[in-house]
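A.B. asks: Next come the chains, spelled out residue by residue.
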Amino acid sequence: MLFRRAALGFIAMMLAAAPAATQTIATSRGPDQVGVTVYRAPFRPPSERINLQWLNGFALITETRRVSIPAGEVDIRFEGVAGGILPESAIVTGLPSGVVEKNQDAYLLSPGSLIDASLGRRVHLRRTSRATGAVREVEAVVRSSAQGGVVLETEAGVEALRCTGLAETVTYERVPPGLAAKPTLSVRVRSERAAEATVTLSYLASGFDWQANYVAELSPDGKRMDLFAWLTLANADETGFRNANANAVAGRLNRSSHGGIRPRAEPLRLECWPMGTTSDVLQSMPISAVGGEEIVVTGSRIARADLASAPPPPPPPPPPMMAQQEELGDLKLYRIPEPVTVAAKSQKQVAFLDRDRVKVESLYRQRISVQDTSIRPVMRVITTRNSTAEGLGLPLPAGRVVLFAKGEARPVLIGQGSIGDNSVGEDVEIDVGAASAVTAQITSGPRPSRGGPIVAVPAFNQEWELTVSNAHPYPIRFEAELEPGDRKINSATALGRRDGRPLWAVTVPANGRATLRYSLNPSS
Amino acid sequence: MRHVLLLSSVLILPVAASAQPGPGNLAVTIYNDNLALVQDTRQLNLPSGRSRQEFPNVSGQIQPETVTLGASDVSIVEQNFDFDLLSPGKLMEKAVGEEITLVRTNPATGAEERERARVLAVNGGVVLQIGNRIEVLRDDGLPVRVIFDKVPDNLRARPTLSVTLNSARGGTRPVTLSYLTGGMGWKADYVTLFDEQKGVIDVQGWVTLTNQTGTTFEGADTLLVAGNVAQNGQQQYYDPRQRRMMGGYPPPPPPPPPPGNRPGIETPGRESLGEFYLYPLKERTTIANQQTKQVSFLDVTGAAARRAFVFRNGWLQTQDQASSASSVLQFSSSRNAGLGDALPAGTVRVYMKDARGNAQFVGENQIGHTPMGSDIAIATGEAFDVKVQPVMEQRERVNDSRWRTRMRYTLTNASPRAVTVDLIQSGLSGDTRIAAESQKSSRRSADEAMWRVNVPANGEATVTATFDTRY
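Chains as they are written, first to last, in our numbering: chain A, 1 to 524; chain B, 1 to 471.
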């Protein structure tokens, strides 16, 4: 009898495993070594900060895994890959024998998919008496999909799950084949003999981003600037990477992938027939009410756990670990020299630049339409050249700049700007913000005669004055890029040119004014 | 023991009745545009005369109007596609006028009490007639099990195809069901490792097929067809997925392809069918629901490739800041100097090795269906160190209908190697001539002029041109 039962059990196992009988499964639980290269969101402007809730950059994850491969046809399943994996980008190298196919299964194990995958199969319906606590279990066959309620066939007839008011649930003997907790990447190989292999798996994954964050401190005379920069990496994936070789790539890459199949985890929506009654008192549905409460409690628990596990703020520098820059084709790669942990749902900062006493020039400027008397506020700009002579001369990836002035007791925040990807030899310009002590004004003459009517004077005969006022107790540099439209500017003052526009560059004395007088002629 | 036996027979029989038994042969032909042809051959025992056959395991996205059924000595009476899905609500609605069984449970003792009831109406609530009284189901909130005698015939767990056949004879024979379905498609993915020093690429081509039909196709004989099949009314001009992926920063419309693309005229040693190239999978495979499957079809090492730079100025205008030139990878699909195959449409991902020898991603782009022998140029991204700033120096009116525009282009190269940039000025359509230029341009089209500009290592180059335009 014992033998017979064992034999039966064996046959049952054979039957259950029948579809997958031709191949075995080797599982790789996680990477032994991992590299993460983070790429910036291609269309995020440099001035926009990273939104940790909505990361549009991506990463190339390179994992080294030890896998023991049995002989025959084997499915090697890679667990613990990033959730944002783009499956068609997966590359697997290092397998001793040929890859038959690569698969990514995104049909997930969930209450709904359990029902759907059990359609037409036998499950157990368990009822617990609220009065006595007695448990009764009957067998049932699933007759409907999980959409819109579950219909079961039992010995008694056809019933709907949880429309009775009884404490009842469906239990299953095993997880139906093909359902996994997370989207799972697998590779089917055929090998003649068993082998241990070191496999490299690399893939692109969404949900990452990075940017440079510059902290600049301006000397009291405004001639020098200490520039320090953080490489800020963000990972919104639920997968963390321990002791990872982390890199970031600067420069804009072309992306055209749409993303693969979105994982599908069917919810179980238990709907019943209309439940209206003769009373409008809210029908108590104890089960769903309890369920709702539970969701709230778990939610808050998770939130608290997240807070607790959030990484501590980065310690203050001396001496900071510096990411090293190297060339990668037409891009710049920043390598964090030591393995670091890129935790799930976290942001990480490593320094990559620290230059003292960079030569800068502080100036004020505005682009001015020569016939428009309403001028936008004058902007304060810190400029320098990205060269070794000025104390820089290295690629500056795009990011935000926070500018402090060295005050007497404490640094004073004077503005926040941004720079785009800046290569060696380019001009660096940081917009600090609108100036309040430097103003520009356009007035038009000649003045209307006293008491008389205002005579419309043709614009090209008119005299115009552009006046800059400096309320600072020190002289400042002011630059006006003039936009003449289709007019020509006539002025006794010599004008320069920049980017095809006339340029008036002037030093305004301390607590003084400077004036440009001009008239306009029609061009040619 | 008897009870268990009885139960199992009750339970197993209906399952066997609805499933179509017999070893089958499943063939799937997948096209690029989210379209597949499924040919499902099963051994069916058909009785003589009329019979109704159900096919519950067809694709969830079947186009029922495309179904054909082939078997010997059989004619089709009618085909039905039932999509009235079984749910508790539907079950109750269909039970109006029928009798059901109620099992009431005493909340205090757990004792059960059975009675039969007739469903009078299901409008907002369920109204029952029990003997001589009328009552609303579960009006008192106490537990009541409702047991239906059977599942109504036309309520199904999944959309189900049923065919009524008229068979001239009884007996088992192969029956082939074929239909088109959406939800399955394929594209190519190319893994390209670029060695800039050697000027070569290693390319692995994978076909990537996806199944979102809701159905798993077991052991399918799979054939992939490269080419665009006309689908009436299903032309996709707009892909909402793109919008979703890019999130808050919508990408600009794709720029025109860089210079260096030329269609080929060679014929590969591939199986083809009219306009289509065929990519049969070597062996039967199971295409699971919600699965992305990749199978290799191309593996080439050491094909020639080179890096080029392209900058396109859209209009005769100033750009306030220098912006990066596109970095373009050029290669060929020819037999002698290239990949030596026709390339189905898909994504080319380019990798380069970093200082430690690890492959790093440097950009990707799409290619269309590309004949063998083509020259291919794809923009992979922007060059950090190669920038161009166009400046409009002057625009003056020559006479009533002509303007003269002087442009200056400053090209900078911060890298320690000399580069050549294809500088393109577009927006020249209409009567635009180049009156003077600092180096000879070539006119790519009425709209575009191009200069090949050598920019020295860590250096700068300038191009000036004067355009004479009639308005």
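In short, the hints are calculated from the structure, not lab data.
Fair warning: there could be bad hints in the mix.
What the hints assert, rightly or not - EDC-like, lysine to aspartate or glutamate: derived pairs with alpha carbons at most 20 Å apart: (1) K150/B / E463/A; (2) K94/B / E271/A; (3) K348/A / E361/A; (4) K488/A / D372/A; (5) K359/A / D221/A; (6) K488/A / E393/B; (7) K198/B / E115/B; (8) K353/B / E326/A; (9) K182/A / D221/A; (10) K223/A / E48/A; (11) K353/B / D195/B; (12) K150/B / E196/B; (13) K345/A / E155/A; (14) K353/B / E327/A; (15) K198/B / D356/A; (16) K182/A / E79/A; (17) K282/B / D299/B; (18) K282/B / E196/B; (19) K488/A / E463/A; (20) K150/B / E155/A; (21) K223/A / E408/A; (22) K282/B / D202/B; (23) K150/B / E54/B; (24) K187/B / D299/B; (25) K282/B / E192/A; (26) K488/A / E113/B; (27) K353/B / D149/B; (28) K223/A / E361/A; (29) K488/A / E396/B; (30) K94/B / D149/B; (31) K348/A / E155/A; (32) K282/B / E79/A; (33) K187/B / E396/B; (34) K282/B / E155/A.
Quick caveat, the model's predicted, so the values are computed rather than measured.
A.B. asks: None of the hints should be skipped; say for each whether it holds.
C.D. replies: Against the structure, the hints:
Taken as a hint, the K150/B and E463/A pair is broken in the structure, with Cα atoms around 97 Å apart against an allowance of 20 Å. Proximity of K94/B to E271/A is assessed by CA-CA distance (about 16 Å); at most 20 Å being required, the pair is judged to hold. The hinted pair formed by K348/A and E361/A fails the criterion: a straight-line CA distance of about 32 Å is larger than 20 Å. Taking the CA atoms of K488/A and D372/A, the gap is about 15 Å. The hint holds against a cut of 20 Å.
A C-alpha spacing of about 11 Å is found between K359/A and D221/A, which places the hinted pair at or below 20 Å, so the restraint holds. Annotation: proposed proximity of K488/A to E393/B holds, straight-line Cα distance about 13 Å (limit 20 Å). Under the criterion of a C-alpha separation no larger than 20 Å, the hint pairing K198/B with E115/B is inconsistent with the structure, at around 86 Å. Restraint check: the Cα-Cα separation between K353/B and E326/A comes to about 11 Å, which is no more than 20 Å; the hinted pair holds.
With a C-alpha separation of about 58 Å, the suggested pairing of K182/A with D221/A is violated against the 20 Å cut-off. For the suggested pair K223/A and E48/A, the alpha carbons sit about 28 Å apart, so the restraint of at most 20 Å is broken. For the hint pairing K353/B with D195/B, the CA-to-CA distance comes to about 8 Å; that is within 20 Å, so the pair holds. Distance check on the hinted pair: K150/B and E196/B sit about 71 Å apart at the alpha-carbon level, beyond 20 Å; violated.
For the hint pairing K345/A with E155/A, the CA-to-CA distance comes to about 50 Å; that exceeds 20 Å, so the pair is violated. Between the alpha carbons of K353/B and E327/A the distance comes to roughly 10 Å, so the proposed pair stays at or under 20 Å and holds. Restraint check: the Cα-Cα separation between K198/B and D356/A comes to about 40 Å, which exceeds 20 Å; the hinted pair is violated. The suggested pairing of K182/A with E79/A holds, with an alpha-carbon distance near 8 Å, which does not exceed 20 Å.
About 16 Å separates the Cα atoms of K282/B and D299/B, which keeps this hinted pair within 20 Å; it holds. The hinted pair formed by K282/B and E196/B fails the criterion: a straight-line CA distance of about 34 Å is larger than 20 Å. At most 20 Å may separate the alpha-carbon atoms for a hinted pair to count; K488/A and E463/A meet this at roughly 13 Å. Note on K150/B and E155/A: the hinted pairing holds, with a Cα-Cα distance of about 11 Å set against a maximum of 20 Å.
At most 20 Å may separate the alpha-carbon atoms for a hinted pair to count; K223/A and E408/A meet this at roughly 17 Å. Our distance criterion of 20 Å between C-alpha atoms is broken by K282/B and D202/B, whose separation comes to about 23 Å. Between the alpha carbons of K150/B and E54/B the distance comes to roughly 18 Å, so the proposed pair stays at or under 20 Å and holds. Of the pairs offered as hints, the one joining K187/B and D299/B holds, with about 16 Å between alpha carbons and a cut-off of 20 Å not exceeded.
For the hint pairing K282/B with E192/A, the CA-to-CA distance comes to about 19 Å; that is within 20 Å, so the pair holds. Distance hint between K488/A and E113/B is unfulfilled; the C-alpha atoms sit about 101 Å from each other, more than 20 Å. Taking the CA atoms of K353/B and D149/B, the gap is near 69 Å; set against the 20 Å cutoff, the hint is violated. Distance check on the hinted pair: K223/A and E361/A sit about 6 Å apart at the alpha-carbon level, within 20 Å; holds.
At roughly 10 Å between alpha-carbon atoms, K488/A and E396/B fall within 20 Å of each other, so this suggested pair holds. Proposed proximity of K94/B and D149/B is supported: the alpha carbons are some 12 Å apart, at most 20 Å. Taking the CA atoms of K348/A and E155/A, the gap is about 59 Å. The hint is violated against a cut of 20 Å. With a C-alpha separation of about 27 Å, the suggested pair K282/B and E79/A falls outside the 20 Å cut-off, and the hint is violated.
The straight-line distance between the Cα atoms of K187/B and E396/B is roughly 52 Å, outside the 20 Å bound, and the hint therefore fails. Restraint check: the Cα-Cα separation between K282/B and E155/A comes to about 47 Å, which exceeds 20 Å; the hinted pair is violated.
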